[in-house]
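Novice: Sequence:
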Amino acid sequence: MSSLLRRISKSLASLIWGDEEPVLDDNQIQLIRNSWEKVEKGDLQETGLVVFKRLFEIAPYLRDRFPFGHNPESKGLRTHALGVMETVGVAVKNLDNPVILKNKLLELGQFHKPFGLTDTDYQNVGAAILWTLAAGLGEDFTPETKDAWGAAYGYIQKTMEEGSQ
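Under numbering that gives the first Met the number 0, the sequence shown has 18 at position 19, and the numbering climbs by one with no breaks.
Worth flagging that the hints you see were computed from the coordinates, not collected in a lab.
Note that the coordinates shown come from a computational prediction; the quantities given were computed from them, not determined experimentally.
Among the hints, a few may not be true.
Restricting the straight-line Cα-Cα distance to at most 30 Å, the calculated cross-link-like pairs of lysine-lysine (BS3-like) are [said to hold, decoys possible]:
(1) K52 to K157
(2) K37 to K145
(3) K37 to K101
(4) K101 to K40
(5) K101 to K52
(6) K103 to K145
(7) K40 to K145
(8) K103 to K37
(9) K112 to K101
(10) K52 to K37
(11) K101 to K145
(12) K92 to K52
(13) K157 to K112
(14) K40 to K157
(15) K103 to K92
(16) K103 to K74
(17) K40 to K74
Computed beta-carbon distance windows for the label pairs [what the hints assert, rightly or not]:
(18) Q109 to E72: 24 to 32 Å
(19) D25 to I57: 30 to 38 Å
(20) N96 to K74: 26 to 34 Å
By construction, the Cβ of each residue, glycine as well, lies at the ideal position given by its N, Cα and C atoms.
Go ahead and model the full structure; you've got the sequences and the hints to work with.
Specialist: Dropping the structure here:
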């Protein structure tokens, strides 16, 4: 792409998205959306419970952070697990709408501020989500798909941490 086309493209993007650039490239967004479509065909609540089971295996100390406990039969945990997965779905839907995505993630970070989450806590959540996606998608969780989800979660984490400041 010539430098003139790059400048025009950047100017158009600025008009559409403001100062926010798209989080991922089109291929990464498509990989994430294709894989998420498969996840959504299953039971999101059960998938969320797998995320939390894995999270509590990776970081047992986080069990105490949840007032509803870590029992998968707990109504509170089941509700939260579904909510987390629905939130991931909202993020996936808005990957090509960086202003909306950033605002939603900043709000989510602000909501989580009272819980005092650390960088390590966010990393553990990301690891649990990626592990669950890999386990659930099997061969469909290609290295490219893994990299795309990793980049997306990196942005999610960074923005939520920014919102919790």
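Novice: All hints, please: hold or fail.
Specialist: Quick rundown of the hints versus the structure:
no., hint, in the structure
1, K52 to K157, "24 Å, holds"
2, K37 to K145, "15 Å, holds"
3, K37 to K101, "25 Å, holds"
4, K101 to K40, "26 Å, holds"
5, K101 to K52, "28 Å, holds"
6, K103 to K145, "23 Å, holds"
7, K40 to K145, "19 Å, holds"
8, K103 to K37, "24 Å, holds"
9, K112 to K101, "16 Å, holds"
10, K52 to K37, "21 Å, holds"
11, K101 to K145, "22 Å, holds"
12, K92 to K52, "25 Å, holds"
13, K157 to K112, "14 Å, holds"
14, K40 to K157, "29 Å, holds"
15, K103 to K92, "12 Å, holds"
16, K103 to K74, "25 Å, holds"
17, K40 to K74, "22 Å, holds"
18, Q109 to E72: 24 to 32 Å, "31 Å, holds"
19, D25 to I57: 30 to 38 Å, "32 Å, holds"
20, N96 to K74: 26 to 34 Å, "33 Å, holds"
The structure agrees with every numbered hint stated previously.
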